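K.L.:
Letter by letter, the chains look like this.
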Amino acid sequence: MRFIFKTDYDQDIRLFKHGGQKFWYGVLLLALVAAPWLMPEYFLAQLSFILIYGIVGLGLMLLSGYTGLISLGHAAFLAVGAYTEAFLAARGWPFPLSLVGAAVLAAATGIVVGLPALRVKGIYLAIATMAFGFIVEEVLARWESVTGGNSGRSVGHLQIFGWKADSEASFYYVALVVAALVTVGILNLLRAPTGRAFVAIRDSEISARSMGISLARYKTTSFALSAAITGIAGALYAHKLRILTPDQFTIMQSIEMLMMIVVGGIGSVHGAFFGAAFVIALPQVIALVKDYLPAAIGQATGLQPTVFGLVLVGFILLEPYGIYGRWLKVRTYFQLFPLYRRGLFKRQKAFMKSERLR
Amino acid sequence: MNSPMLSVEGLSVAFGGVKAVADVSFEVNTGEVFTLIGPNGAGKTTIFNAISLIVPASGRIRFDGRDLMTLAPHQVAKLGIARTFQNIELFEQATVLQNLLIGRHVHRRATLAAELLFLPSVRREEHEFREAVEKVIDFLDLAHYRDQLVHGLPYGVRKVVELARALATGPRLLLLDEPSSGLNVEETDDMAFWIHDIQRDLGITVLMVEHDMGLVSKVSTRVLALNHGEMLAQGTAAEVQSHPGVVEAYLGVAEVT
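Read top to bottom, the protein sequences are chains Y and B. Residue numbering for the first sequence follows the working numbering, starting at 1 and increasing by one per position. Residue numbering for the second sequence follows the working numbering, starting at 1 and increasing by one per position.
I should point out that these hints are in silico values taken from the structure, not numbers from a laboratory. Hints may be right or wrong, so weigh each one.
Stated by the list, open to error - Now the in silico label distances, taken between C-beta atoms and shown as ranges:
(1) B:D189 with Y:L15: 50 to 60 angstroms
(2) Y:T250 with B:G152: 35 to 45 angstroms
(3) B:G152 with Y:T306: 29 to 39 angstroms
Only a predicted model underlies this, so the values are computations on that prediction, with no experimental measurement involved. All C-beta atoms, glycine included, are put in the ideal place defined by N, C-alpha and C.
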């Protein structure tokens with residue numbers, strides 16, 4: 001167990017709270033940089049997907065986890081980012097520029113969708129964003145001159161001023177850099193007034209307002225940023241898949257994104273990446289296990305959605321803070337070893353329950 | 001001294017057909033503790049909500065000669081008016097420190113882009129915020145709870161945290177909605193000391209709603225009694241307490257036989 005004696009404001013502000021964190025995140029970064037040498041190409045591709053989904057998770061986490069606004073239409077922002085990238089890349093824009101283009105257009109869409117968010121909350125917002133998702137899906141299918149309609153639109157390799165990311169490893173590095181930049185940006189935002197304003201809106205709108213936080217401004221900001229980040233992920237997604245069709249951006253995709261942050265751990269940056277890893281890994285695990293199951297279960301249609309649903313229900317019932325919550329407990333166990341008590345995290349839960357009964 | 005900081009003229013609030021506040025006027029002078037009392041449903045909290053622009057009201061509310069009614073709700077804090085809530089409206093999933101830092105929001109200067117990059121200017125601003133917040137933590141003895149989540153704190157402490165958050169905004173007028181409700185005798189005494197210190201040492205004008213007459217008479221400069229949204233009596237705590245109309249409102253009329 002480590003006790004930190006605070007003598008400086010910067011100790012609260014800096015991203016790494018102590019040397020141990022610096023060391024372990026350094027190890028993680030080294031491992032990520034070395035990954036192309038450590039694993040076969042197939043797994044590297046999966047890792048790229050985890051990074052892309054992780055970015056999506058960060059975007060949605062900012063909106064739902066930190067600002068408390070639910071969205072069932074996030075696949076639409078992913079689509080806006082992906083198709084914008086496809087469109088601009090085809091016109092020869094270098095990736096950094098087209099990435100900004102994708103982010104800006106997605107942010108603009110986010111603002112348009114965010115406007116109803118100023119008036120509606122909770123389930124009504126979910127319905128509004130879901131409707132928006134359907135509209136975008138429909139537009140993708142009909143606006144054939146730009147999107148290629150239902151037959152899809154192919155996307156070239158990612159290229160930056162003549163350099164082409166045409167191998168698995170080179171694409172992975174681009175994704176890694178983008179994911180790292182977005183993560184640092186989010187962490188910066190969360191330790192600054194804007195991040196705190198988001199949390200304030202999530203926890204109590206009425207007192208956020210009496211603290212001088214303009215709900216309209218910050219909710220719109222949150223929507224715009226969330227959409228921009230998701231759009232950035234969309235741009236990477238376009239180059240990863242190389243072909244875009246409207247059926248990749250359906251309501252199911254939006255629900256999967258929401259599930260990702262709930263399973264990962266709502267309200268934490270770690271949770272976005274944990275959730276992404278989970279969403280990518282689960283189908284692989286199912287595919288592996290499938291053959292060993294009795295045919296009635298293993299070959300059943302809809303096995304994957306069923307397992308996803310069960311896992312989601314399980315998490316909500318047993319571990320509301322998701323994989324990140326579990327991770328904190330395991331870490332505390334080792335930090336306190338052998339003094340960890342089973343009830344260590346119980347008290348807060350009991351308190352919450354009595355509050356709920358009110 | 002004695003120039004009115006806040007003046008309320010002919011304030012009325014109606015919910016549907018119910019008149020929650022009817023034609024209430026009063027003035028709060030700079031440097032005083034002004035208390036609103038009255039039985040349940042007298043419209044005290046509604047007056048607070050009207051001043052924070054949470055409920056639509058008619059009449060006129062002026063702060064430093066400026067008409068509040070023309071502003072948006074979030075702009076009230078910027079003028080230097082901070083408030084607490086009767087049922088505690090803290091940011092539950094944040095630490096005490098973060099709650100107080102949110103209180104500094106009105107002093108934010110950094111732009112979004114600067115925050116994303118966490119430029120040195122943002123860091124400097126954070127230092128300023130923390131310095132101001134640590135003073136409040138020190139003032140209200142909250143150092144022990146500094147890094148704890150609000151959501152696990154006992155009721156009495158949350159009440160103090162809410163007061164601290166209001167103070168962190170650096171207000172000139174503090175609206176306290178039942179600061180002693182739910183507190184035990186000892187905590188209520190502490191609250192009385194703090195309100196006194198806030199008025200005297202920090203020079204902040206206080207407008208409060210309170211039921212505990214012990215606390216009211218200890219700290220109030222002037223008291224206004226309300227009943228059914230109407231003004232009953234105004235004066236010092238002792239004067240108001242002995243006013244026949246107030247006694248009637250609280251205890252009922254003795255039946256004359």
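K.L.:
Hints first: check each against the structure and report whether it holds.
P.N.:
For each hint, the structure was consulted:
1. B:D189 with Y:L15: 50 to 60 angstroms: violated, 43 angstroms
2. Y:T250 with B:G152: 35 to 45 angstroms: Hint holds: Cβ distance 41 angstroms, inside 35 to 45 angstroms.
3. B:G152 with Y:T306: 29 to 39 angstroms: Distance hint for G152 of chain B, T306 of chain Y holds at roughly 37 angstroms.
Of the numbered hints given earlier, the model fails hint 1 alone.
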